[in-house]
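Let the hints inform the model, and build the full structure from the sequences given.
There are 2 protein chains.
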Amino acid sequence: MSPTRALFTVFTMSEQRENILVHASDLFVKDGVEGFSMRKLARRVGVTAPALYRHFDSREALVFAVLGEAYRRMSRHLYAALEGESPRERLRLAGEGYVTFALEHPRLYDALFASPELVGIAELPPEVEAQGCAVGRFWNDRIRECMDAGILRRADPEAVGLTLWAHAHGLISLHARGLLMPGENGDTAAFMIIYRASIARLIQGLGVDVDEGDEQRDTLEAAAALPV
Amino acid sequence: MSPTRALFTVFTMSEQRENILVHASDLFVKDGVEGFSMRKLARRVGVTAPALYRHFDSREALVFAVLGEAYRRMSRHLYAALEGESPRERLRLAGEGYVTFALEHPRLYDALFASPELVGIAELPPEVEAQGCAVGRFWNDRIRECMDAGILRRADPEAVGLTLWAHAHGLISLHARGLLMPGENGDTAAFMIIYRASIARLIQGLGVDVDEGDEQRDTLEAAAALPV
DNA sequence: GTCTATAATCCGATAGAC
DNA sequence: GTCTATCGGATTATAGAC
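Protein sequence lines correspond, in order, to chains A and B. For the first sequence, the positions run 1 to 228 when the working numbering is used. For the second sequence, the positions run 1 to 228 when the working numbering is used.
Simulated from the structure, these hints should not be mistaken for lab results. All figures in this text were calculated on a predicted structure; none of them were measured in a lab. Treat the hints with care, as some may be off.
Unchecked claim - Chain A is faced by these chain B residues, among others (derived, beta-carbon under 7 Å):
no., residue
1, A166
2, H169
3, G170
4, L171
5, I193
6, L202
7, Q204
By construction, the Cβ of each residue, glycine as well, lies at the ideal position given by its N, Cα and C atoms.
Below is the structure:
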């Protein structure tokens, strides 16, 4: 490598691409979708904006890469549930892994579920789409497993999975918007208690039992004590 | 009014303010948060951009007004549930009114639950915030009413209300992102079936009954027949 | 109340030198 | 592979004429 070139070439092509992607994820995490620009990213990486185009064809391609990385992180959180030693434990761990990812990376979680045009892209790349389907399959497998083990009422696993997914996603979204707890916000410990109590309600059912009438359970009392 | 002034003055101040607000809501509905700009709005109203500042101090003030109008529409949908003649019917109508508003005005619904910075404002105005609280109170009242009538298991109405709200919000969000049905999207009729079936699951509970084991209910069979 | 004109920023992307 | 310089566009908002 000639001395004149060494002045500019600090990273190799692929190293710098990796470096840009890391900084891009950081910027996404800090400023969210709306604050993500090529110029800001270039400033953060320590180069000028045009240099980024040597590594990514466009802003859109860069966003794709960030979303792909986000999906990979979420998958890692979820798949850790396979460490559980029973169907019930694996389902519980999957639920916890999902919400943990959402709480640890709220801007990434937002971006994964935002409308494509809101992220500044036309539509999700097929690679990311496929990862989403894989996550869905993993989730449904955990539920089917619990039905087979007699822990969940037998029904269509996909339908039950959707109910649980929608509930988790909704609770996470409302929490992220600060709509759950009136005073002290950002309290993840309090949110986790609310989250678990709400899931317990889903399992038990909101309707009255045919025989036992107006009985109260422990989990419900814990939830009732919280300021919601 | 002198002839020279009449050339420009077609609306009175408040009439034009109203007119701008209507067009602003339309533009919001069409282009969403990210496509809402003073210049687009001016073009649509039929004036130039600076003219808008005679009626609204800033873009932010205009967004406030649009969000306030959106909340008023949502409230109207919800409060219609008071026409119901029993607690169960009023709760059902409230749930249907909520989802109906979300499906009829998806961009407004998005805006109401989006992070303030994503709408291009610092934070929600207190007027809108207060309307949100009122909606929450109305919803909790419907649930308390059903507990008193023995239709819902007795528990903290706010906690149960949160579970139901999160589930509805999550399902609506996932539907709006096209994540529910693989092929034909935008099918609101199919979504309503999924929505109602999922609520039925919440009421009945996902866990197994202590005695009846693996029995199947009608609503679940209907849901299982759907492609999810 | 509305206009024209313009200030002041931001953005994505490209050309060509080194 | 990175630079400087620049194009072409978007935006919010203001000043001053009528």
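Status of the hints after comparison with the structure:
no.: 1; hint: A166; result: holds, 4 Å
no.: 2; hint: H169; result: holds, 4 Å
no.: 3; hint: G170; result: holds, 3 Å
no.: 4; hint: L171; result: holds, 4 Å
no.: 5; hint: I193; result: violated, 11 Å
no.: 6; hint: L202; result: holds, 6 Å
no.: 7; hint: Q204; result: holds, 5 Å
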